[in-house]
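Using the sequences and the hints given, assemble the complete structure.
Number of protein chains: 4
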Amino acid sequence: MKNTFGNNLSVTLFGESHGTAIGCVIDGLAPGIKIDTDYVNACLLQRAARSDISTPRKEPDEVEFISGVKDGFTEGTPICILIRNTNVKSFAYASLDDTPRPSHADLTAEYKYHGYQDKAGGGHFSGRITAPLVAAGAIVRHALKGLGIEIGTHIKSLYNESDRDFTDYASDIAYLERASFPTLDKDAEKKMKETILLAKEELDSVGGVLETAVISMPLGVGEPWFDTVEGVISHAMFSIPAVKGVEFGDGFAITKKRGSEANDPYTYENERVITTKNSGGGITGGITNGMPIIFRVAIKPTPSISLEQDTVNLSTGENVKITVGGRHDPAIIHRARAVVDALTAIAIGDLLVTRFGTDYLACGRQN
Amino acid sequence: MKNTFGNNLSVTLFGESHGTAIGCVIDGLAPGIKIDTDYVNACLLQRAARSDISTPRKEPDEVEFISGVKDGFTEGTPICILIRNTNVKSFAYASLDDTPRPSHADLTAEYKYHGYQDKAGGGHFSGRITAPLVAAGAIVRHALKGLGIEIGTHIKSLYNESDRDFTDYASDIAYLERASFPTLDKDAEKKMKETILLAKEELDSVGGVLETAVISMPLGVGEPWFDTVEGVISHAMFSIPAVKGVEFGDGFAITKKRGSEANDPYTYENERVITTKNSGGGITGGITNGMPIIFRVAIKPTPSISLEQDTVNLSTGENVKITVGGRHDPAIIHRARAVVDALTAIAIGDLLVTRFGTDYLACGRQN
Amino acid sequence: MKNTFGNNLSVTLFGESHGTAIGCVIDGLAPGIKIDTDYVNACLLQRAARSDISTPRKEPDEVEFISGVKDGFTEGTPICILIRNTNVKSFAYASLDDTPRPSHADLTAEYKYHGYQDKAGGGHFSGRITAPLVAAGAIVRHALKGLGIEIGTHIKSLYNESDRDFTDYASDIAYLERASFPTLDKDAEKKMKETILLAKEELDSVGGVLETAVISMPLGVGEPWFDTVEGVISHAMFSIPAVKGVEFGDGFAITKKRGSEANDPYTYENERVITTKNSGGGITGGITNGMPIIFRVAIKPTPSISLEQDTVNLSTGENVKITVGGRHDPAIIHRARAVVDALTAIAIGDLLVTRFGTDYLACGRQN
Amino acid sequence: MKNTFGNNLSVTLFGESHGTAIGCVIDGLAPGIKIDTDYVNACLLQRAARSDISTPRKEPDEVEFISGVKDGFTEGTPICILIRNTNVKSFAYASLDDTPRPSHADLTAEYKYHGYQDKAGGGHFSGRITAPLVAAGAIVRHALKGLGIEIGTHIKSLYNESDRDFTDYASDIAYLERASFPTLDKDAEKKMKETILLAKEELDSVGGVLETAVISMPLGVGEPWFDTVEGVISHAMFSIPAVKGVEFGDGFAITKKRGSEANDPYTYENERVITTKNSGGGITGGITNGMPIIFRVAIKPTPSISLEQDTVNLSTGENVKITVGGRHDPAIIHRARAVVDALTAIAIGDLLVTRFGTDYLACGRQN
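In order, the protein sequence lines correspond to chains W, G, P and F. With the numbering used here applied, the first sequence corresponds to residues 361 to 727, in that order. With the numbering used here applied, the second sequence corresponds to residues 361 to 727, in that order. With the numbering used here applied, the third sequence corresponds to residues 361 to 727, in that order. With the numbering used here applied, the fourth sequence corresponds to residues 361 to 727, in that order.
Possibly wrong hints are sitting among the right ones.
One copy or two, either will do: identical chains are not told apart, so a pair holds if it fits within one copy or between any two.
To be verified - Below, simulated DSSO-like cross-link-like pairs (lysine-lysine); rule was C-alpha separation at most 30 Å, straight line:
no.	residue 1	residue 2
1	Lys-546	Lys-560
2	Lys-560	Lys-616
3	Lys-560	Lys-637
4	Lys-394	Lys-637
5	Lys-681	Lys-637
6	Lys-637	Lys-616
7	Lys-617	Lys-394
8	Lys-617	Lys-553
9	Lys-505	Lys-546
10	Lys-617	Lys-550
11	Lys-681	Lys-546
12	Lys-505	Lys-560
13	Lys-681	Lys-616
14	Lys-560	Lys-681
15	Lys-505	Lys-394
16	Lys-637	Lys-505
17	Lys-681	Lys-617
18	Lys-546	Lys-637
19	Lys-560	Lys-550
20	Lys-617	Lys-560
21	Lys-616	Lys-394
22	Lys-505	Lys-616
Source of the hints: derived by calculation from the structure; they are not laboratory data.
Written as structure tokens, this is what we have:
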């Protein structure tokens, strides 16, 4: 199902960067879930361009609920979200038609859509299309909060700078939710911002690694084959245009350990079974074990850079140089965290609705 | 769709390690695809236990085609594959019922199936269940060969030992297809085997990283959102019980590069557009660009080890020690490559059938 | 997948009768399909209220393409269609909140959505929600025309009046496409309209049977089990709120025949195999046989009538009488044919894309 | 998803009539559901050939549980069911290869599978393939019984003979469950059997109408669009090879009524809202209203008849006569009821699991 994610709680995404509007349809959400528009806007703000470390494009990203919401609550019917495109300038991209930008989807879009696609601003491939995803995710995430399930993402590393690890999950997640630049360590934030500004100055870009924690997941969610928690979450994450890797728990580093170090021993704590460490990232055999779900996604450096690059001219059949004008982000990782949070909420929401039925996400209905 | 993978070419998996049989149903495969049983058996042999570096369990893994195959060709109807379980000893696991093995699915299976699951030999969670997947994948992979699409996987690293990189893809893949231990470098093979034997001697286990290449993929396959090539392949890979990470192209390492290093410049070669390097792993914007698809999966050390470990007794509510008897693999990575190859074939086959229609995989029908 | 229909060509429907707008997202449509807005509007006009035999609600039903369409062609990305609600009067329905209208979805909506649903004008259950379906279907139907596949629906019977049978399919379908009241016989039209007006006069309503023909379907489309052509089409048809029966070929009447009368003998005609009659309705074993696909759907009388009816008051727990005010259609069957045509196009389009790949519907791209 | 039915509770069907075995995989069934093999066998017996009114083929239809069942209970993992083909005679059909039997799938199978299909005994299209469906359905139906939900089907009419209507649903359903020939009226049974024998004597066949009732369905199940209860059930029913029509409640007859007669008035009974009649068949707006779900399916006369028929020879390109030898049923309607019951259970089970979560069907676990 091409532009739809989710089996029982699903999101269908549509829109082009420079079209009338972008949006999505969320289906399968229980009736009676509160729509906290302040929360939705706060999440959108985390995704939006902001400050000197990002592109100057500053759209209000005003969310319009076309359907499925009444008096501030979900109705249980499909919710269509629209975000109008108000600040559209196509000219800066106009010359790129025949000269695909390296590591952008310009060329593969041509292979797939045979020239019928809207190329302006990246069209349907633009990072801008993630805005409605963030809005949809914010609604689901707010419902998860009603069940005690919290999601938080920080920049684990950016280029050569690193943040500290999660220590107390609950308070770290609460902190990140309010942080405009998502690091747990103030000094890391400072160094990362300097790194971004330096890349910008040099007309270049940087990427990094985002790390996400999900706490208070119910036990026994996920499937042994195919719809493992890892499989469902990674499927969602790789939709984010810049993601090139996803790992859970110790991830790739676990391959440098022996079984005796990698295994997570069990113990009783307050009459509950826990593991004394969490190399498995909260998932065993594809199924939640009650420990925090931990995963990291690799975000490549933004491919839009102002440095001259080698490419081809598809009309003339010649090798040419390209210098990409227009608005660029020297880094999008601090904005991407909002998308990771949102897709995590949607993926986990779908797993929960599949396991516990349609009305489960509305258990916190009274809130 | 729980134990089913794929939208248009799908595999439904069933069976328990110590039940009558394990198997799968492959649906959506065109009529007229040749079933090369030698090839299927060769793939199964790569997955099967073998030599002193693996468990002594040596089942013939004889494949029985229950349906969908006639006179050595697919009929176009669902193919049911059965593999009988012939060498079953449950007693070694009998004592584990109340003491879940660390980092096995014993405990999460209990959470999910409330005690009704077959626990013997890992039941439905056993690595053994991958055998029918390998058989199914072998059929699809053989059909892909008819279209010129080749898949190959080597052990990029095992614990602290590394293999060389792919150089010439076509010949490296051809070499790996015949290799019983999948490294490109003979010296790496020797060192890795020593590492495995040492771990075995010390009652421990090791893991590693598998790297896969897919060549000659058609252009323009995959979707910008959700059903990206990365999303579909990673969803499949995370079904393999030991996988904790998946990365494409430069993967996590790309986060240590700037955009100017990370981007893949275009150039003309023999009137085709290629990229002069392949940090993107053959995929841009979720869609194939004609370069080899490259990805790596992290395989954790086998959780079954003979060393004493901490766990709990679910009946008594006490913390206890466990020493796991039974048959153990000190490493499964060399066997897991057959599963990675198979799931890659199935994932890619599904993307192709979705794009080009039901009969596409039978284009090499005459072979 | 709740409000989504279709596996590879899919439509996701959203909206409430008296909300801001209603709409849908069409995904899986090839790039390069011409959007003939005149044709879309003509189809919408057939669905819209018109003349003295229908409700006076006359909305322009202006279609806004939010995404997926550029320069009059599909881009290949998801198409979001919006139709604004402009002529909304909620007051007439206001008193119905506690007294569910017999054979409307008022009460079952309450069971499902626990009071959070928008009740005005039937909300998400309103027949009005079919307008975006008609627009989506018109786009697909126009693409099918490019492949020579034509769809036509007439009122086979209305209450006690009947139309003649299809004779020459091609010319009958062409005639119906232009007919504002879809009967093949002029006299039948006159009698049916009188029947509707009489029902209206008596504050009552009538239903009838629609019969659809699809010609020039490719051979061998559909599946033997589950996704039979009949199964897929009937699944779509029963979405139309008033449909209570679907039958193919001779339908229920075939149960009054013996096998020797019911079977369709084969013969050669112009070197093609045809059947000398078509009791099977163009489908054998769930798969197209090249004869016209013929099916009929039973449309119940509109449940909105002005006569007094028995119902309950959910607040007081008493049995009460209800007289439904507001705007009523004494018959909707002549309008429903536009929805049947549209859903037929979508269902058949999905079967074709599944069989022949993504680009198949754009084969008539040059047109 | 071709040979798979169901979103959350799914059945994947495989096998050819004269292959090694036929079977299916049921996925999504909760752990802890009792497998009552007597009940499964009783349902299979209702489907099996029996007495002088049916074909002499008498297979034991012995069900083998390959996976997913332990100690008489579902494990929660996929259940693979196999039924061996033991009484296979292909020769009687051997001459039919080039001369497709009228109204059988022989010719459309050729269009779809290009000659690679197993033609013996109808192959994958054979009515025999419904046996594993009946076994799967019996398991689900038994679980539904634990929730109080009962399903019963009788022959409403056979050729020109009719049965009486349902009167007391609970006792009528209980009666039908034990009846080998499913009529509510003894005299109707006698006349229908005579009708079948007469058709047999004259080398011909007959069909009829099956009517099904489902009682004690929970309120508020089903979706307003697409996955309506009617849409899901009809999708399932049209898989049965002989079905040409499906109608709910008053069905096609409702088109001869006015709204005032067709509408179902509400009233209170024991503090529950009921309708005073049930023209809607227990479903309003696609959603269950608590009244019995009632539907009818039209079963065409068996296409296998011994009378001479017109067909073509695909090799010679000539029109020829055919006389079909082999084993024939002069009627299959009394056997088809077991398949209707089974598919009803599966369809309803899927709707319930989707609505209330994975474990819902095991609520009667203690039984």
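Against the structure, the hints:
no., hint, result
1, Lys-546 / Lys-560, "within (21 Å within a copy, 45 Å between copies)"
2, Lys-560 / Lys-616, "between (36 Å within a copy, 16 Å between copies)"
3, Lys-560 / Lys-637, "between (40 Å within a copy, 24 Å between copies)"
4, Lys-394 / Lys-637, "neither (36 Å within a copy, 38 Å between copies)"
5, Lys-681 / Lys-637, "between (52 Å within a copy, 16 Å between copies)"
6, Lys-637 / Lys-616, "both (17 Å within a copy, 28 Å between copies)"
7, Lys-617 / Lys-394, "neither (45 Å within a copy, 43 Å between copies)"
8, Lys-617 / Lys-553, "between (34 Å within a copy, 16 Å between copies)"
9, Lys-505 / Lys-546, "within (26 Å within a copy, 54 Å between copies)"
10, Lys-617 / Lys-550, "between (33 Å within a copy, 20 Å between copies)"
11, Lys-681 / Lys-546, "neither (40 Å within a copy, 42 Å between copies)"
12, Lys-505 / Lys-560, "neither (37 Å within a copy, 46 Å between copies)"
13, Lys-681 / Lys-616, "between (42 Å within a copy, 25 Å between copies)"
14, Lys-560 / Lys-681, "within (20 Å within a copy, 56 Å between copies)"
15, Lys-505 / Lys-394, "within (11 Å within a copy, 37 Å between copies)"
16, Lys-637 / Lys-505, "within (25 Å within a copy, 45 Å between copies)"
17, Lys-681 / Lys-617, "between (46 Å within a copy, 21 Å between copies)"
18, Lys-546 / Lys-637, "within (26 Å within a copy, 37 Å between copies)"
19, Lys-560 / Lys-550, "within (15 Å within a copy, 47 Å between copies)"
20, Lys-617 / Lys-560, "between (38 Å within a copy, 14 Å between copies)"
21, Lys-616 / Lys-394, "neither (46 Å within a copy, 41 Å between copies)"
22, Lys-505 / Lys-616, "neither (36 Å within a copy, 35 Å between copies)"
Taken one by one, the earlier hints fail for this structure at numbers 4, 7, 11, 12, 21 and 22, listed in ascending order.
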